[in-house]
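Residue numbers (the working numbering), protein chains in the order written: chain H, 1 to 115; chain S, 1 to 116.
It is worth saying that the hints were derived from the structure and are not from the lab. It should be emphasised that the depicted structure is a prediction, and the values quoted were computed from it without experimental measurement. The C-beta atom is built at its ideal place from N, Cα and C for all residues, glycine as well. Errors might be hidden in some of the hints.
What the hints assert, rightly or not - Pairs of lysine to aspartate or glutamate, DMTMM-like flavour, derived with a Cα cap of 20 Å:
#1 S:K9 x H:E107
#2 S:K8 x S:E38
#3 S:K9 x H:D100
#4 S:K8 x H:D109
#5 S:K98 x S:E83
#6 S:K8 x H:E107
#7 S:K9 x H:D109
To be verified - Pair by pair, the computed Cβ-Cβ distance ranges are:
#8 H:P55 x S:K61: 18 to 24 Å
#9 H:Y13 x S:L104: 32 to 38 Å
#10 S:I107 x H:G56: 35 to 41 Å
#11 H:G32 x S:A108: 28 to 34 Å
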Amino acid sequence: MPTIGFLFFSGPYQSESPETTIELAKAALEKGVGVKIFCYMDAVNCVKTGQKKVPGVTNIEEQFRELITKGAEVRLCTLCMLVRGTKDFIEGAKRSGTPDIADIVEESDRVLVIF
Amino acid sequence: MEGKRMPKKIVVILRKPPHGSLFPAEGLRVAVAVSASETKVVSVGDSTYAFLKEADMTLYKHHMDFLKEAEIPVVVDKDSLEERGLAEGNLVEGVTIKKHSEILNIIAEADATLTF
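Please put together the full structure from these sequences, using the hints given.
Below, the structure written as structure tokens:
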């Protein structure tokens, strides 16, 4: 299966980068392309649980849950979580480390970096 | 092993300054992490300040030492240096200075580019 990897840096609710990543990932999944996302630095906060639902604002937690349900692989930088105190995160996302970036690069046909 | 893919060529591109951002340190951390592949580090723009002799390398000195030990090249863009009034003599040992066109070739030959 063709696979696209994402090295994703942006935290939620400051720019539209999470929405861009989510929409690209959804489009890939709908076309039968595998998706592997590495959440790096502030991006680990995109999968925190308990994000408040605000009308008119994309709930990033829900969107990441949907991506995982649809088959996306979401890996989180553990050190980035530790320094941010990010403890509770959505089911299906996996704690990992920078060596996983090497795996994602090797396993993906293309890698996108999104800030 | 049958069916195993060839290791990819990876370029880690550093763009952001070492002051006011953690990106050069994180980029070098990732360069270490992917160093089992054919990896090169390229420094352009304000990231070139990360390799000044006077730079505080507390966060990434150990990564630099590893990259040197592993013979992973760290290449600094000559144009970026000159735009900032800097020259080879301002930089730490172990980094290589290359022209913009050579940097472009390194990027063009890569299978994956990871920007920081």
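Tell me, which hint numbers fail for this structure? Number 8 only.
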